[in-house]
Amino acid sequence: MTMHLVDGGRPRFGPELRRFGTFLLGELKPRGRLLTPFNVITSAIVLLGGVLLVIRFAKGLGSITNLSQDVPWGLWIGFDVITGVAFAGGAYVVTFMVYILGQEKYHPIVRVTVLNGFLAYVFYAGALLLDLGRPWNVINPIIGNSFGVSSVLFLVAWHFMLYMMAEFIEFSPAVAEWLGWRRVRRVLKALTLGAVIFGITLSLLHQSGLGALYLMAKGKVHPLWYSEFIPILFVVSSVFAGLSMVIFEGSITHKVFHHRVGQRLRATHDDILRGLARICAGAMFVYLFLQLIVFVHGQRWTYLGTGWGAWYLLEIVGFVGVPAALFLSGFRKGRLPVIRAAAVLTLLGIVLNRLNVSVIGFKWYMAERYVPTWMEIVVTLAVISAEIWVFRWVVNRMPVLSFAEVDRTGEGERRVDIVAA
Amino acid sequence: MKRRDLLKTMCAAGGVSLVGGRLGAEERPPTAPLADRVGVLVDTTKCLGCRMCEFACATANDLPQPEASIDRSVERQTSPTQWTVVNRYETAKGPVTAKRQCMHCLQPACASACLTKAMYKEPEGPVRWRESKCMGCRFCMVSCPFDAPKFQYDSPVPKIQKCVMCWERLEQGERPACVANCPAGALQFGRRSDLLDEGRRRIALEPEKYVHHIYGEREVGGTSWLYLASVPFEQLGFPADVGETPFPVYTREFLYGVPLVLTLAPPLLLALSRASRARQIAEGEEEEER
Numbered sequence: 047m048t049m050h051l052v053d054g055g056r057p058r059f060g061p062e063l064r065r066f067g068t069f070l071l072g073e074l075k076p077r078g079r080l081l082t083p084f085n086v087i088t089s090a091i092v093l094l095g096g097v098l099l100v101i102r103f104a105k106g107l108g109s110i111t112n113l114s115q116d117v118p119w120g121l122w123i124g125f126d127v128i129t130g131v132a133f134a135g136g137a138y139v140v141t142f143m144v145y146i147l148g149q150e151k152y153h154p155i156v157r158v159t160v161l162n163g164f165l166a167y168v169f170y171a172g173a174l175l176l177d178l179g180r181p182w183n184v185i186n187p188i189i190g191n192s193f194g195v196s197s198v199l200f201l202v203a204w205h206f207m208l209y210m211m212a213e214f215i216e217f218s219p220a221v222a223e224w225l226g227w228r229r230v231r232r233v234l235k236a237l238t239l240g241a242v243i244f245g246i247t248l249s250l251l252h253q254s255g256l257g258a259l260y261l262m263a264k265g266k267v268h269p270l271w272y273s274e275f276i277p278i279l280f281v282v283s284s285v286f287a288g289l290s291m292v293i294f295e296g297s298i299t300h301k302v303f304h305h306r307v308g309q310r311l312r313a314t315h316d317d318i319l320r321g322l323a324r325i326c327a328g329a330m331f332v333y334l335f336l337q338l339i340v341f342v343h344g345q346r347w348t349y350l351g352t353g354w355g356a357w358y359l360l361e362i363v364g365f366v367g368v369p370a371a372l373f374l375s376g377f378r379k380g381r382l383p384v385i386r387a388a389a390v391l392t393l394l395g396i397v398l399n400r401l402n403v404s405v406i407g408f409k410w411y412m413a414e415r416y417v418p419t420w421m422e423i424v425v426t427l428a429v430i431s432a433e434i435w436v437f438r439w440v441v442n443r444m445p446v447l448s449f450a451e452v453d454r455t456g457e458g459e460r461r462v463d464i465v466a467a
Numbered sequence: 002m003k004r005r006d007l008l009k010t011m012c013a014a015g016g017v018s019l020v021g022g023r024l025g026a027e028e029r030p031p032t033a034p035l036a037d038r039v040g041v042l043v044d045t046t047k048c049l050g051c052r053m054c055e056f057a058c059a060t061a062n063d064l065p066q067p068e069a070s071i072d073r074s075v076e077r078q079t080s081p082t083q084w085t086v087v088n089r090y091e092t093a094k095g096p097v098t099a100k101r102q103c104m105h106c107l108q109p110a111c112a113s114a115c116l117t118k119a120m121y122k123e124p125e126g127p128v129r130w131r132e133s134k135c136m137g138c139r140f141c142m143v144s145c146p147f148d149a150p151k152f153q154y155d156s157p158v159p160k161i162q163k164c165v166m167c168w169e170r171l172e173q174g175e176r177p178a179c180v181a182n183c184p185a186g187a188l189q190f191g192r193r194s195d196l197l198d199e200g201r202r203r204i205a206l207e208p209e210k211y212v213h214h215i216y217g218e219r220e221v222g223g224t225s226w227l228y229l230a231s232v233p234f235e236q237l238g239f240p241a242d243v244g245e246t247p248f249p250v251y252t253r254e255f256l257y258g259v260p261l262v263l264t265l266a267p268p269l270l271l272a273l274s275r276a277s278r279a280r281q282i283a284e285g286e287e288e289e290e291r
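So the sequences go chain by chain: A and B.
Per the working numbering, the first sequence starts with residue 47, numbered consecutively.
Per the working numbering, the second sequence starts with residue 2, numbered consecutively.
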């Protein structure tokens, strides 16, 4: 910002600030038609969600949720937070491939994936605040007057916060480009590798940490889903959960924001999807093997004959095994519809798995089951709608789907900057 | 001073005298030896099922009085407004009544689950909750093997509610309200080690009357509340599958792994990134030479 205000050594505060203000105001205005079916429906959902949240904060969680003394965590934690964060795993996997392994092929999708990951954390992990009974105390574990370091949730909370910062730093060059702050951009760009390394480390820990939350719910989670390996299973599945989300979201984004997609991404998009499909298939076979070992070690044979056993097999075979095979065949034959179908099946499988651990299989022995109220579902949909709005706003303005390809060596970066200047 | 009173109570209740020097609260280590902690021994063979403890609990803790007439065939649970309940169970040895409340584990899952240390164990034994710290995440409820913590779902300023072993009464040198008001002498307050001795003595004196098991001696690593019964405890609604491992141990391995990953992953990733970059530059130069 500062360099904009200084011109030839003489600060010209007024006009620059005014110009910046007009620029921001112009950017804040919505673009395109306002009265689309999507806008109308999501606006209604968000409005209704807002009303429901007012009731929730005025009268307590019981006023709009079906949570009980027996089921303290429902849809908002099980789906919004635990499943949402698994879906956001694509950011750490793609940044690993691009910045650590140097697979330049995936560079064009880095920004959109990181943006998606960042927004997913802001909104879905942010949805945690709606579920907290006493959200005003949320700063307690952060500011240090009560460090519950023996708590897995303490780790998860800190990592959510730090990872959001890391992802913002990873995305920030796009913001700087949008604002035209070239020197700031160079500083931020220099932070990328550090943020990526830090972000991957944090992701490994909190993706597993979300599973570790249930380690003390021993006896409450159905034995087919409970094992000491939940944290590892959660990390491994977050790899293909995140990448399937990248495939799914990428396919939609590619159509909806076609005008914003850069040449290189346009040219390589299909190739990227095929590459991701192969990685997904690999990660899923690793996951299946791990599940098999856990199954045998846990001596779970006896449960297979029950209804829970059938439900478990549906999840493992129908929503991991089948999509894994589809990914592989889609990759071999280069058929994108097969890959997209596999991604959708995988995402459903992740929803199943996370909900089986956190909600469906939780207190499986109880006669009375927790079923979310329609109001819990509306609030969840409102959170998703709001996230899509922000995503759309950013993609339509910032260089997310099209940006100057920058060689990772310092040399290349300078060259591009000169060209841009 | 208050701790001193509490310890006096412990002496009186347990009938054990302490050396004066050990009474100073300041000199005590932050975690008292397990044997020093207070607890309650519940002898369900003496319980009449009169529910006096329920009413005494409500009075002592400013809770609404429990309903006078209840359906005995329904197993009731504790709630935000009722921290203890007496249930009746039909068993092979006839009806047995048993009081339930927070077990005050020696290594509480709820306290280790709490990320703000709102839930914590007093060195003397009781597990308490602090309103100013709690953020209402309810992870304590997910973790507790006995489902003791209850949440006020109907309040915009909700609290976690459960038995606190009448901490304020203990500080004033009194016994918990339920113990003090039990007309049948089914409840005995004292030091846990003494209560275990007493429990074993009763079982040894009347081996036919009791099952040879003190519930809470080893369950989840030991609890401050201990139970004697004439029938196996699962017939009295006690979870039989909680094991003898303290619950915080289940997350210990994961938490041990955290510093390892946090310190080892970044240098490995950095090394990997350097290696791949060096290769890229080399490849780039080769291309330029061609």
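Treat the hints as calculated values from the structure; they're not laboratory data.
Hints may contain errors.
Distance condition first, Cα-Cα at most 30 Å in a straight line; then the derived DSSO-like pairs of lysine-lysine [to be verified]:
no., chain 1, residue 1, chain 2, residue 2
1, B, LYS122, A, LYS264
2, A, LYS264, B, LYS160
3, A, LYS75, A, LYS409
4, B, LYS47, B, LYS94
5, B, LYS134, B, LYS160
6, B, LYS134, B, LYS118
7, A, LYS105, B, LYS210
8, B, LYS47, A, LYS105
9, B, LYS160, A, LYS105
10, A, LYS151, A, LYS75
11, B, LYS210, B, LYS160
12, B, LYS134, A, LYS409
13, B, LYS210, A, LYS409
14, A, LYS235, A, LYS151
15, B, LYS210, B, LYS47
16, B, LYS118, A, LYS264
17, A, LYS264, A, LYS151
18, A, LYS105, B, LYS134
19, A, LYS235, A, LYS75
20, A, LYS235, A, LYS379
21, A, LYS151, A, LYS379
22, B, LYS160, A, LYS409
23, A, LYS409, A, LYS105
24, A, LYS409, B, LYS118
Checked hints:
no.	hint	result
1	LYS122/B <-> LYS264/A	holds (21 Å)
2	LYS264/A <-> LYS160/B	holds (25 Å)
3	LYS75/A <-> LYS409/A	violated (49 Å)
4	LYS47/B <-> LYS94/B	holds (14 Å)
5	LYS134/B <-> LYS160/B	holds (11 Å)
6	LYS134/B <-> LYS118/B	holds (7 Å)
7	LYS105/A <-> LYS210/B	violated (51 Å)
8	LYS47/B <-> LYS105/A	violated (43 Å)
9	LYS160/B <-> LYS105/A	holds (14 Å)
10	LYS151/A <-> LYS75/A	violated (35 Å)
11	LYS210/B <-> LYS160/B	violated (41 Å)
12	LYS134/B <-> LYS409/A	holds (28 Å)
13	LYS210/B <-> LYS409/A	violated (34 Å)
14	LYS235/A <-> LYS151/A	holds (19 Å)
15	LYS210/B <-> LYS47/B	holds (11 Å)
16	LYS118/B <-> LYS264/A	holds (22 Å)
17	LYS264/A <-> LYS151/A	violated (44 Å)
18	LYS105/A <-> LYS134/B	holds (21 Å)
19	LYS235/A <-> LYS75/A	holds (28 Å)
20	LYS235/A <-> LYS379/A	violated (38 Å)
21	LYS151/A <-> LYS379/A	holds (20 Å)
22	LYS160/B <-> LYS409/A	holds (23 Å)
23	LYS409/A <-> LYS105/A	holds (27 Å)
24	LYS409/A <-> LYS118/B	holds (26 Å)
In terms of the numbered hints stated before, the structure departs from hints 3, 7, 8, 10, 11, 13, 17, 20, listed from lowest to highest.
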